[in-house]
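K.L.:
If you want the building blocks of each chain, they are given just below.
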Amino acid sequence: MSEPDQDQHASADAAAPHSRQVALVGNPNTGKTTLFNRLCGLRAQTANYPGSTAEIRIGRCGRSTPPLEIVDLPGIYGMDLDLPESRMCRDCLDGRLDQTPDAILVVIDATAPARGLALAIAAIARRLPTVIALNFADVAARRGISFDEAKLAEKMGVPVVAVSGRTGRGIDDLILDLRDATPGRCALPRPDVSNADRKAWIDEAIAESMGGRDAVGSSRDSVYDRLDKAFTHPIIGLAVFVAVMGGLFWTIFSLAGIPMDLIDVLFEKFGGLAAAVIPEGAIRDLVVDGIIGGVAGTVVFLPQILILFFLLALLEDTGYLARAAFVMDRVMCRFGLPGQAFVPMLSSHACALPGIMSARLVPDRDDRLATILVAPFMSCTARLPVYVLLIGLLFDGSPWLAGFAFAGCYLLGAAAALLSALLARRTILPGRSRPMVLELPEYRRPSIIAALLVSWDRGLVFIKNAGTVILGIVIVMWWLSAYPKADTPDAAIALRTQAVEIADVAPADAENLEAQADSLELEAQQAGSFAGRIGDFAQPLFAPLGADRTLTVGILTSFLAREVFVSSLAVLQGGGDDVDDEESVLQLVRDARRPDGSVLFNTATAASMLVFFVLAMQCLPTLAVTRRETGSWKWPALQFAWMTGLAWIVAAVVFATVNAMSGSA
Amino acid sequence: MLEAMGVDHGCEVEICKVGSPCILRTGSTRLGVGREVAARIMATITVSA
Chain A
1 MSEPDQDQHA
11 SADAAAPHSR
21 QVALVGNPNT
31 GKTTLFNRLC
41 GLRAQTANYP
51 GSTAEIRIGR
61 CGRSTPPLEI
71 VDLPGIYGMD
81 LDLPESRMCR
91 DCLDGRLDQT
101 PDAILVVIDA
111 TAPARGLALA
121 IAAIARRLPT
131 VIALNFADVA
141 ARRGISFDEA
151 KLAEKMGVPV
161 VAVSGRTGRG
171 IDDLILDLRD
181 ATPGRCALPR
191 PDVSNADRKA
201 WIDEAIAESM
211 GGRDAVGSSR
221 DSVYDRLDKA
231 FTHPIIGLAV
241 FVAVMGGLFW
251 TIFSLAGIPM
261 DLIDVLFEKF
271 GGLAAAVIPE
281 GAIRDLVVDG
291 IIGGVAGTVV
301 FLPQILILFF
311 LLALLEDTGY
321 LARAAFVMDR
331 VMCRFGLPGQ
341 AFVPMLSSHA
351 CALPGIMSAR
361 LVPDRDDRLA
371 TILVAPFMSC
381 TARLPVYVLL
391 IGLLFDGSPW
401 LAGFAFAGCY
411 LLGAAAALLS
421 ALLARRTILP
431 GRSRPMVLEL
441 PEYRRPSIIA
451 ALLVSWDRGL
461 VFIKNAGTVI
471 LGIVIVMWWL
481 SAYPKADTPD
491 AAIALRTQAV
501 EIADVAPADA
511 ENLEAQADSL
521 ELEAQQAGSF
531 AGRIGDFAQP
541 LFAPLGADRT
551 LTVGILTSFL
561 AREVFVSSLA
571 VLQGGGDDVD
581 DEESVLQLVR
591 DARRPDGSVL
601 FNTATAASML
611 VFFVLAMQCL
621 PTLAVTRRET
631 GSWKWPALQF
641 AWMTGLAWIV
651 AAVVFATVNA
661 MSGSA
Chain B
1001 MLEAMGVDHG
1011 CEVEICKVGS
1021 PCILRTGSTR
1031 LGVGREVAAR
1041 IMATITVSA
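Chains as they are written, first to last, in this note's numbering: chain A, 1 to 665; chain B, 1001 to 1049.
Since the hints were derived computationally from the structure, they do not count as laboratory data.
Everything numeric in this text was worked out from a predicted model, so none of it was measured.
We put the beta carbon where it would ideally sit given N, CA and C, even for glycine.
Careful: at least some of the hints might be erroneous.
[What the hints assert, rightly or not] Below, in silico cross-link-like pairs of lysine-lysine (DSSO-like), each with a Cα-Cα straight-line distance of 30 Å or less:
| hint | chain 1 | residue 1 | chain 2 | residue 2 |
| --- | --- | --- | --- | --- |
| 1 | A | 634 | A | 464 |
| 2 | A | 485 | A | 269 |
| 3 | A | 199 | B | 1017 |
| 4 | B | 1017 | A | 229 |
| 5 | A | 464 | A | 269 |
| 6 | A | 199 | A | 151 |
[As the list claims (entries may be wrong)] Output of the computed footprint for chain B on chain A, the stretches with three or more beta carbons under 8 Å from beta carbons of chain B:
| hint | stretch |
| --- | --- |
| 7 | 109 to 121 |
| 8 | 195 to 203 |
| 9 | 326 to 339 |
| 10 | 426 to 440 |
Work out the full structure: start from the sequences and follow the hints.
P.N.:
This is the structure we're talking about:
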């Protein structure tokens, strides 16, 4: 893909009065996105129209004077259908979302033009300058399909350009026609003809202007038939699906680990640099612990998001995802979810953030909302450290039982997700999931560049939107835990004095004393901070789960991010905040005692905490992304209340039951 | 929606796969429809496989 010469066009842009807005319209699977990327490249952004939660990509094509602002509308099967995508197209073309477009570009699949021409007729009837792009011209040529663009243009009353979004063929001509387009008049006899007459007219137009080998009944179709039968078979299809999804997530886990570690190291260095440069005080604490720490906590998710959307875009481009949706629909529809919900649900096993973002694959609004609400129930990677810790406490020395418990956590999360979806579809989102009617696109070699651009776009959206909200929340949480500043406890001062005295004689012991002093100081700070006082206040709420004040503070801080729970406990029990040796943390926590001397993590408490962490909503970034994807704080509030409330109830039942069974205090 | 996708009154469809999903071909468009939707499409057999 070539980019225009910036210098050559800069002066032209400066002289241009304004850009020409072009609405990109077409059926799904006609290569609109690839064509959009070919026209705009990286100069595209995802935006919301005011009053709309749906996103539209808007790009700038600088190879024209005036430059073209391309608005990529969702793929639609008909302009007049009572579906959200069709409504959005109508609103855009009528100028109800923003300005009325200056022109319409209708993208038609050159290998299957009939449906696209019906849409083109509807677009031309709106009396806006219109151009038709016959996309996949390269594929059509390979199949021996020929077309007379001039004849078709005469019939349709608008310019027709054969293009290939993939190779770039015809793009320059297309840009010129978009620049010069005027309102056309389709040669269709009457605008109110019957569907049958319109269809006959279209067939006549195709017969007059297109020719070549008829694709129906070719060997390609028999291959597609065999593939479709396999991919949608109840057993083979499921096996293929498990293999494909397993490979996808294995790839994410394998590839994301290194860049995530690099991001951690980078921000650690950045924090260290800031700490060295900024004088000690509130500003340094805010920058290092609040801002840099908060940003790091968001950006660390970026590799997973980039890789997931890249791989999903590739899979979608191959045509496989549509087949897989039918395989999963058999299971999902029993719980009020559509087959397309499988991608967000499975993605949420890695991380709920990209999982929720990928819910855009679900076309129906209520189906999409139900999916977004329950996706965070799926056990994500952030829960793993907590699972490892608590299962280690429960089943120390029993690896088989620990393994079953691990699997049980995943199953519990999935069961809660499906049952919650069923409940939601019977109450707040009544109705059944939209019956599956999906066009099965041709199997194609995926476009790496298109997938990279999708991934890039998603990554930017994530950073820009989730990061701003999350950053704000994290700064507030940091402030709550950092203020008011507590005086250093006398015991800590005494330990430090002792450490100085023995530093030369016994440096290791001195280091231990220093660590103990740090721990006491941190504990005093936490207890005296606003967050600590909230912990004191909230402890009675978590007492039925077996939590004391220390554990309550750990639970509350983990609402920032689940994995914080482990390090919080380690610090609270006297370890450093950089303890990452699982064994040492396990030992610390196993030996922890309540103020009355009893074991903190008895069987009942460990079991209830495990269930709580499986089910509770403890991820502020997830809530922020839910808000963004739903356009309202109502849904993340409901998500938080339902998940955390359910977690509390089930954990309390588990604690009471196990307590009664074990007779532990 | 089906009409907009090419399955309209009087059209010719080829059934590539029965069951759920039922896979139809009309023209060069392949559609997958769930059992519930397929049960509502009335067709007359013109050519048997």
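K.L.:
Need the status of pair residue 199 of chain A, residue 1017 of chain B: alpha-carbon distance at most 30 Å?
P.N.:
The given pair, whose Cα atoms are some 26 Å apart, holds under the 30 Å limit.
K.L.:
Quick one: see if chain B covers the stretch 109 to 121 of chain A, three-plus residues with Cβ-Cβ under 8 Å.
P.N.:
This one holds; 5 residues, not fewer than the three required, reach chain B with a Cβ under 8 Å.
K.L.:
Would you mind confirming whether the straight-line C-alpha gap from residue 634 of chain A to residue 464 of chain A stays at or under 30 Å?
P.N.:
holds, 21 Å
K.L.:
Straight-line Cα separation of residue 485 of chain A and residue 269 of chain A no greater than 30 Å?
P.N.:
Roughly 26 Å separates the two Cα atoms, so the pair holds.
K.L.:
For the pair supplied as a hint, residue 199 of chain A and residue 151 of chain A, is the alpha-carbon distance within the 30 Å limit?
P.N.:
holds, 18 Å
K.L.:
Mind taking a look at whether chain B covers the stretch 426 to 440 of chain A? Criterion is 3 or more residues with CB to CB distance under 8 Å.
P.N.:
holds (count 6)
K.L.:
Has the given pair, residue 1017 of chain B with residue 229 of chain A, been kept, meaning a C-alpha gap of at most 30 Å?
P.N.:
The hint holds at about 7 Å.
K.L.:
Do three or more residues of the stretch 326 to 339 of chain A come closer than 8 Å to chain B, measuring C-beta to C-beta?
P.N.:
It holds: at least three residues are needed, and the stretch 326 to 339 of chain A offers 4 whose Cβ sits within less than 8 Å of chain B.
K.L.:
Is it true that the CA of residue 464 of chain A sits at most 30 Å from the CA of residue 269 of chain A?
P.N.:
Given pair residue 464 of chain A, residue 269 of chain A holds - Cα atoms ~23 Å apart, limit 30 Å.
K.L.:
Tell me whether the statement that chain B covers the stretch 195 to 203 of chain A is true, taking a Cβ distance below 8 Å and needing three residues at minimum.
P.N.:
Holds, because 3 residues of the stretch 195 to 203 of chain A bring their Cβ atoms closer than 8 Å to Cβ atoms of chain B.
When the structure is compared with the earlier hints, no violation turns up for any of them.
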